[in-house]
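Model the full structure from these sequences, guided by the hints.
As they're listed, the protein sequences go chains A and B.
No gaps in the numbering here: position 23 of the first sequence is 477 in the working numbering, and each next residue is one more.
No gaps in the numbering here: position 402 of the second sequence is 442 in the working numbering, and each next residue is one more.
The set of hints was computed from the structure by calculation and includes no laboratory data.
Since the structure is predicted, the reported quantities are computational estimates derived from the model, not experimental observations.
Don't take every hint at face value.
To be verified - Partial list, derived from the structure: chain A residues whose beta carbon lies under 8 Å from chain B:
no.: 1; residue: THR489
no.: 2; residue: ILE491
no.: 3; residue: GLU493
no.: 4; residue: ARG495
no.: 5; residue: PRO496
no.: 6; residue: PHE498
no.: 7; residue: SER500
no.: 8; residue: ILE504
no.: 9; residue: SER508
no.: 10; residue: GLN512
no.: 11; residue: GLY515
no.: 12; residue: PRO534
no.: 13; residue: GLN575
no.: 14; residue: MET576
As the list claims (entries may be wrong) - Computed beta-carbon distance windows for the label pairs:
no.: 15; chain 1: B; residue 1: ASN345; chain 2: A; residue 2: SER663; range: 47 to 55 Å
no.: 16; chain 1: B; residue 1: ALA277; chain 2: A; residue 2: THR584; range: 41 to 49 Å
no.: 17; chain 1: B; residue 1: LYS343; chain 2: A; residue 2: THR536; range: 33 to 41 Å
no.: 18; chain 1: B; residue 1: LYS343; chain 2: A; residue 2: PRO623; range: 33 to 41 Å
no.: 19; chain 1: A; residue 1: THR536; chain 2: B; residue 2: ALA230; range: 22 to 30 Å
no.: 20; chain 1: B; residue 1: GLN185; chain 2: A; residue 2: PRO610; range: 56 to 64 Å
no.: 21; chain 1: A; residue 1: THR662; chain 2: B; residue 2: ILE95; range: 44 to 52 Å
no.: 22; chain 1: B; residue 1: ALA384; chain 2: A; residue 2: SER500; range: 14 to 22 Å
no.: 23; chain 1: A; residue 1: SER500; chain 2: B; residue 2: LEU140; range: 31 to 39 Å
Using N, Cα and C, we set each Cβ at its ideal position, and we do this for glycine too.
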Amino acid sequence: MLSHFALFRKLPLLAAIGGSLTLLGACKKALPDRTEITETRPTFSSEAPIPESSDSMQRLGFGAQTQFRWTTPPTWLLAPGTQMRQLNFSFGPNREGECYMSMTKGREGSTVDEISRWRKQMGQPAVDATDIEALPKLDLLKRPCPLVKLEGAYTPAAGMAMGALPSAPRADFGLLGVVLEVPAMQAVLTVKMVGPKALVQQEEANFTSFVTSLTPVVAPETP
Amino acid sequence: MSEISPSTSAKQAPSGVLGLLHRLWRLASSVSLCVVLLLWLTVLTLLGTFSQTEIGLYDSQAKYFDSIFFREELWGIPLYLPGAYLVLAILFVNLLLGGLIRLRKKPKNIGVFLSHCSILLLIVAGWRSFHAKKEGHMALLPNEQSDLVQAYQDWQLEIREQGSSEALVIRDTNFSDCSGGKSRTFFRNALPFTVKVSDYARNCEIVEEGHPDLPASAKRLDRFAVLPGKSLPTNEANIAGLVVEIRDANTNDLLTEAVVGAVQRGPGQPERPPLVVKVKDKTYAIELTRERWRVPFQVKLDKFNLEKYEGTEKAKSYQSDITKTDASGEEKLRIQMNEPMRRAGYVFFQASFGKVAETAPYYTVFAVVNNPSDQWPTYACVLSGVGLCLHFLIKLAGFLSRTSRNRAVTSAPPTV
Chain A
455 MLSHFALFRK
465 LPLLAAIGGS
475 LTLLGACKKA
485 LPDRTEITET
495 RPTFSSEAPI
505 PESSDSMQRL
515 GFGAQTQFRW
525 TTPPTWLLAP
535 GTQMRQLNFS
545 FGPNREGECY
555 MSMTKGREGS
565 TVDEISRWRK
575 QMGQPAVDAT
585 DIEALPKLDL
595 LKRPCPLVKL
605 EGAYTPAAGM
615 AMGALPSAPR
625 ADFGLLGVVL
635 EVPAMQAVLT
645 VKMVGPKALV
655 QQEEANFTSF
665 VTSLTPVVAP
675 ETP
Chain B
41 MSEISPSTSA
51 KQAPSGVLGL
61 LHRLWRLASS
71 VSLCVVLLLW
81 LTVLTLLGTF
91 SQTEIGLYDS
101 QAKYFDSIFF
111 REELWGIPLY
121 LPGAYLVLAI
131 LFVNLLLGGL
141 IRLRKKPKNI
151 GVFLSHCSIL
161 LLIVAGWRSF
171 HAKKEGHMAL
181 LPNEQSDLVQ
191 AYQDWQLEIR
201 EQGSSEALVI
211 RDTNFSDCSG
221 GKSRTFFRNA
231 LPFTVKVSDY
241 ARNCEIVEEG
251 HPDLPASAKR
261 LDRFAVLPGK
271 SLPTNEANIA
281 GLVVEIRDAN
291 TNDLLTEAVV
301 GAVQRGPGQP
311 ERPPLVVKVK
321 DKTYAIELTR
331 ERWRVPFQVK
341 LDKFNLEKYE
351 GTEKAKSYQS
361 DITKTDASGE
371 EKLRIQMNEP
381 MRRAGYVFFQ
391 ASFGKVAETA
401 PYYTVFAVVN
411 NPSDQWPTYA
421 CVLSGVGLCL
431 HFLIKLAGFL
441 SRTSRNRAVT
451 SAPPTV
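So this is what it looks like as structure tokens:
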């Protein structure tokens with residue numbers, strides 16, 4: 455039995471084969487600088503027709519799906535949008551502040567629901583219509599809308615994927631937001647800014663100028 | 041090893057080239073080589089397991105298990121070591137020669153023979169799966185229907201002509217080295233332009249040109265640039281980006297240059313237009329996307345059922361009621377954990393679920409696998425079980441017969 459494991463006698467041969475293979479491994483053929491495309495796939499019937507043109511902003515997801523024009527405050531950076539954030543900005547030294555515009559069509563809910571949800575995120579109780587009447591107003595699409603200013607521990611909404619856990623509360627945060635109901639479109643338009651309290655206070659003027667700069671590209675449906 | 045035929049070793053070894061071949065034959069079929077290979081596979085498994093925490097499952101698998109050779113540095117010295125692909129290929133040859141061809145063909149060795157066959161079948165199943173398996177996912181909202189599956193990994197640049205029945209595909213393996221000033225130009229005879237790829241980042245953020253973290257060397261095109269980020273251990277979470285330069289194939293005139301960000305498709309992902317290139321009245325779309333392919337039937341989500349543990353958000357169980365439709369008609373099925381749907385060579389597993397907004401309905405996600413050797417490991421296990429049982433029974437019968445013989449000898453009256 456032992457003679458079958460006499461590895462040492464085979465070591466030179468093993469070493470020679472191993473060495474050759476190692477040298478072989480070191481030789482990696484790189485692709486040439488000009489390479490022919492050889493692979494194809496069938497097109498799918500569900501693929502959208504190719505548009506006549508596409509601008510970089512839409513194509514890269516910056517301000518995707520928006521029907522608005524706006525002025526970006528100088529300290530803000532536009533970030534790619536998502537399905538829920540048609541316009542998305544970040545600001546602050548470490549980009550820890552964010553401001554986004556959402557327009558949700560066909561959604562049930564109201565200004566009261568939306569503001570109560572924001573208050574819940576900041577660890578504060580819900581409000582009713584009377585409380586909202588007392589709030590200061592800010593023009594959004596030329597309509598006076600309730601302006602919400604909140605401070606506290608901010609708990610972002612839990613992720614929507616399976617198993618996503620609610621995020622930990624972030625202390626000393628500030629929130630600014632406006633809500634506009636557009637009944638004709640069954641839509642709710644919101645602009646929300648959230649970030650560390652001091653940063654939000656510092657950016658309040660930019661928030662106001664951004665909200666008031668929003669203008670529909672097409673004629674707005676009567677709110 | 042005593043079961044290996046001694047015929048070759050008993051003979052006197054020839055000299056010269058024949059002698060070398062003879063030695064090679066003996067080495068290739070030896071137990072020693074098998075032991076070395078199995079030990080190296082153990083080392084690879086350890087290296088792969090430890091590296092997962094650092095580079096993630098996908099990269100670790102690619103480096104140690106999918107490779108013929110991999111590079112490792114020891115005190116700054118580069119070493120090219122054999123990967124699992126090569127080791128398993130040599131193990132296959134070793135087992136074939138030593139475990140089947142040189143094995144003594146006796147009835148009592150049938151169990152060993154079958155067990156060796158089962159290991160060979162396992163290796164072949166792994167090889168077939170590695171080269172032919174396709175994996176992806178299909179996400180469906182209630183009442184949504186689809187036959188398209190999207191891959192989890194790897195990006196590809198697709199060039200689609202308006203009205204054409206096929207799109208050109210450039211896999212990211214062809215341009216994964218196109219960063220840090222390196223570029224590569226892709227062409228095809230029927231294509232009126234060439235595509236030069238540069239600034240590729242496997243994980244990146246597409247940012248506005250004024251972004252404070254953007255290096256001076258980054259190409260800024262039409263206000264945007266690719267800001268490379270560190271690759272994430274979970275490869276699916278990496279979002280790629282690159283820069284393309286489109287030139288006329290005949291005149292080499294610059295047609296356009298643009299930043300291209302990866303397109304993600306699925307619930308919650310906004311639709312984005314592709315990069316549009318117009319050449320000689322023809323319109324082309326260029327997109328960086330995950331591979332997609334069709335399954336030969338439509339799947340419609342009728343209902344997604346979710347049961348949570350009382351008072352928590354934790355899922356207790358979840359199932360998808362679907363309708364599968366093909367030329368043969370409709371079929372109502374339920375897909376749930378451990379009860380996948382197997383149809384036409386495709387397996388649909390209930391993988392996960394989610395929703396795009398708090399008020400939105402849940403969508404379901406199926407992991408879709410097309411593996412031609414899907415059931416081969418099962419066959420190999422059965423074969424191995426049969427082989428080992430047979431071997432055990434043969435050994436048991438031999439032992440019992442020896443014991444009874446010994447008893448007969450000891451119980452026989454002593455001869456004077």
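Structure-based check of each hint:
no.: 1; hint: THR489; in the structure: holds (6 Å)
no.: 2; hint: ILE491; in the structure: holds (4 Å)
no.: 3; hint: GLU493; in the structure: holds (4 Å)
no.: 4; hint: ARG495; in the structure: holds (5 Å)
no.: 5; hint: PRO496; in the structure: holds (6 Å)
no.: 6; hint: PHE498; in the structure: holds (6 Å)
no.: 7; hint: SER500; in the structure: holds (7 Å)
no.: 8; hint: ILE504; in the structure: holds (4 Å)
no.: 9; hint: SER508; in the structure: holds (4 Å)
no.: 10; hint: GLN512; in the structure: holds (6 Å)
no.: 11; hint: GLY515; in the structure: holds (6 Å)
no.: 12; hint: PRO534; in the structure: holds (6 Å)
no.: 13; hint: GLN575; in the structure: violated (11 Å)
no.: 14; hint: MET576; in the structure: violated (17 Å)
no.: 15; hint: B/ASN345 to A/SER663: 47 to 55 Å; in the structure: holds (48 Å)
no.: 16; hint: B/ALA277 to A/THR584: 41 to 49 Å; in the structure: holds (46 Å)
no.: 17; hint: B/LYS343 to A/THR536: 33 to 41 Å; in the structure: violated (27 Å)
no.: 18; hint: B/LYS343 to A/PRO623: 33 to 41 Å; in the structure: holds (36 Å)
no.: 19; hint: A/THR536 to B/ALA230: 22 to 30 Å; in the structure: violated (38 Å)
no.: 20; hint: B/GLN185 to A/PRO610: 56 to 64 Å; in the structure: violated (34 Å)
no.: 21; hint: A/THR662 to B/ILE95: 44 to 52 Å; in the structure: holds (47 Å)
no.: 22; hint: B/ALA384 to A/SER500: 14 to 22 Å; in the structure: holds (20 Å)
no.: 23; hint: A/SER500 to B/LEU140: 31 to 39 Å; in the structure: violated (50 Å)
Against the hints set out earlier in the document, violations occur for numbers 13, 14, 17, 19, 20, 23.
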